[in-house]
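*Asks:* Now for the letters of each chain:
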Amino acid sequence: MEFALSQFFQVLIVVFAAPLLSGWVAQCRAWLQNRSGPGIAQPYRNLAKLLRKDTLLAHNASPLFRGVPYILLGCMVLVAGIVPVLATDLPFAPAADVIALVGILALARVFVALAAMDIGTAFGSMGARREMLVAFLAEPALLMVFFTASLISQSTSLTTIVETLAHREFVLYPSMAFAAVAFVMVLLAENARIPVDNPATHLELTMIHEAMILEYSGRHLALIEWASSIKLMLYMSIGIALFLPFGIAEAGNWAAIPLAVIVLALKLMLAGAGLALLETLSAKMRIFRAPEFLGTAFLLAVLGMLIRFLLGG
Amino acid sequence: MVVGWWLVIGVAGLVVRSNASLVARLYPLGALGSLALSATALWSLQQPPNVAVLLLGLPDLPFHLRLDALSALFLVLLGAASVGVSLFAAGYFRHEPSGAAGLLCLQYHIFLAAMALVLVADDAYMFMVAWETMALASYFLVTTDHKVPTIRSAGFLYLLIAHVGAVGILLCFGVMQGGHGDYTFATMRQAHLSENWASAAFLLALFGFGAKAGLLPVHTWLPEAHPAAPSPVSAIMSGVMLKTAVYGLLRVSFDLLDAQMWWWGVVLLTLGLLTALFGVIFAAVQTDMKRLLAYSSIENIGIVAVGIGLAMIFHAYHLNMLAALALTAALYHCLNHAFFKSLLFLGTGHVLHASGERNLGKLGGLIHRMPWLSAMMLIGILAIAALPPFNGFVSEWLLLQAFLFSPSLPNSYLVMLVPVAAAALVLASALAAYVMVKFYGVVFLGQPREEKLKNAHDVGPWQRAGLLWLAFGCIALGLLPIFVISWIDPATSLLVEQSLGNSAAHGGWLFLTPVSAERASYSPVLFVGVIIAIVLLAAPLMKYIVQRREVRRGAAWDCGYPLQNACMQDTAEGFGQPIKQIFEPFFRIERHLPSAFDAQPHYHAKAQDRLWYWLYLPLARVIDLGSLLVGKLQHGRIYLYLLYSFLTLLALLMFVR
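In the order they appear, the protein sequences are chains A and B.
If you're matching positions, the first sequence starts at 4 in my numbering and goes up one per residue.
If you're matching positions, the second sequence starts at 13 in my numbering and goes up one per residue.
Simulated from the structure, these hints should not be mistaken for lab results.
Here a beta-carbon is modelled for each residue, glycine too, at the ideal position from N, C-alpha and C.
Honestly, I wouldn't trust all of these hints.
[Unchecked claim] Every beta carbon over 10 Å from chain B, so not counted as near; a handful from chain A, in silico:
1) Leu15
2) Val113
3) Ala138
4) Leu247
5) Leu269
6) Phe296
[Said to hold, decoys possible] Taking lysine-lysine pairs in the BS3-like style, the calculated list, with each CA pair at most 30 Å apart, reads:
7) B:Lys159 to B:Lys592
8) B:Lys555 to B:Lys374
9) A:Lys52 to B:Lys555
10) B:Lys592 to A:Lys287
11) B:Lys592 to B:Lys374
12) A:Lys56 to B:Lys555
13) A:Lys270 to A:Lys287
14) B:Lys592 to B:Lys555
15) B:Lys159 to B:Lys555
Put together the whole structure using the sequences plus the hints.
*Replies:* Below is the structure:
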């Protein structure tokens, strides 16, 4: 029963606190750019506004288009049940290991890309094409990062990986350093962040993710925005769990969860501020620079894995 | 039991006879035969091998049959895939002119029967006879529309490569009989070849079966022959016939030669990776639906080869458990590919039939006209893009698990090579998702690009039944991997003396845990359940509680640009353009750009295979030159020929004394 509770608690926290993290990142960015910013609760206000508004569908929209926001949310909630964000004893985690996790994220992405092509507008198919372009390099890079970690722990189960990593002494492992750099690059690309994408504009030259969801409105758009912020939070939590797992509540340690919540909040605040700093310091790349950027991430991840084989570090 | 199986083929043979105008009605009977075949094969998976000697064949050279677990597994594959294809064909071939339809029906069933015979043959003679029957039957099927010149030349290329490959297989059997003159597989198993001879036999088999399967240097026939053939035929060729080559390779290298050398595995692994990457990159730039799928078949065969190669490496170092894991992944992928590739080929067949258009750039928006077909095809593309919870993902998952065990190999060079291979494999499968989004998005989504598409009709009942069967297979193979692995187990334990059996089912039927539960586990049923539950929870919640208004319909927003038409969507070329740019060195591209003053600008770009220019054309030129030189010997004068005979006699007398 306690297991199920920790599972349920974690999913709830991730799903409902995710917009807060997006708000925090936006606020940090505003501060760094000398603006006052909208406040960290702005994503909630946006969601509330979208839920109040009418939902408008294009004449040409098929049932696929209407179903995708729900499928996307379903995938993200599922991932929230698998990733050890707060605790490592998640009864649900054996349902999918890291490879399946990457698969579920890919499933969500393919559905969004298909929905983008469904209306048949120039922007939609452009967004789908660019998203798949980013994905076909980011996805292998992410998998290679996971492989490096799973070679250390002899397991592809995310909870086992995190438990193993949390118990190691704190030494800088070269393979994990490479993997960490690659992971940050993938995180930027997969969450539509500068330098790969700029979610704040509606310009043909810069849009990737926004171009795909241009035709969505009302509750559909709200679900998609919500799912995107859950995705950002999950990526950050995965990064934290892999590279800074200290403080996570371990199996059977029920009392550690409140502490874990506080530690996690601190870590996420730091990571969010770091993300805002990275975004402020870098400029948006041309779209054809993106494959080079992600190719670098992929190679770094493979190098990390090779170093693990060569040096055992 | 073999008798029972033989009856099934008899049914197929009977079906063949009656070339009446009701030919199309015969295909479901063939499908019934296929169903019976796969059921018997499924049952015989658990049985000890059955041997039979037929009273056919030459005097003193009877046909030997043997049905063991490996044959049975591939028979299951043949039966299960052909059920769907035959059902579809019943609807599809209805509109053929009756004379041609009868012939088509005959060839189709001979083709199926020949494949079944290949799978149960137990001597080289029988194997080659069945193999050649299969090649010829499929050649005639490919050239069904023999009035079109490109189809004739595609058929010729196919026949040529099939025969060059067959020569390789023949030589391989010649090497393996080891001088005994006895061509049954049983004696080949006993024969102990020296390392060099065994390697020669393996390389010959690799060449011969690789030519049939479409491994890299000899893949060129696939993208020509598949578009030429009628769709059900392409489905069988791609879904099943390529697997007979995989079967042959497994039979020769594991069963007959016992996969002794580790470098065989490395050769196969490298070749498979190159094939997979090559196939998927070319698939990304194709504009013809069926060519795209043909290149995707090349990719999938590459993945299967990677699995087999990895199994060979593990087997050579006596890590049989891991070999079983890799081999299970390869066999699982064979099954998967039979289902989803047949499904996709049949679907394109219907699109072609209903619209008369095979160019991706002229289709679009079919999801509104063909809701059934679109739903089936969606399952097909998600499966082939290796996305969970569909079947393509399971085999990829198993294969990647096998890769993660490579540190236990004793050879340190291999330990370094294998992760790079894993990276390349993952890249290929991520690109497959790109290709499939392009394929589905351009054909089925968006606005119709041509006026005539507005009258396109959905699939008929027979076709729907066939497609449903295959789509159901994709889902079932994806959701219940434990059962499927328990079918594959007898075959792996036959080849590498180990199977995943108990450890895979360790977590009950719900969890797939190939080695141990701590190491990895996967439970598609559970997480599909969660996704469905959330969708079912969120949708009514949104619709009836949070926001009670109905959705409105309006014009597309598209950032406020007012003039929108179907030409502004991405075509297949546009969608593939980034891949073309990134992987430019792979292609030989011919571009014709319009000049700035052109009144009717016309853009044309063609991406071609470099291997064609580097390997095939020079080879053809050398053969041409060689035959010219040989031709000089012939003058048609009788005294010259007498002189040749005399000189040969002299030479023989000198050397052979």
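*Asks:* Which hints, by number, does the structure contradict?
*Replies:* Going through the list in order, the structure violates hints 2, 3, 7, 8, 14 and 15 and respects the others.
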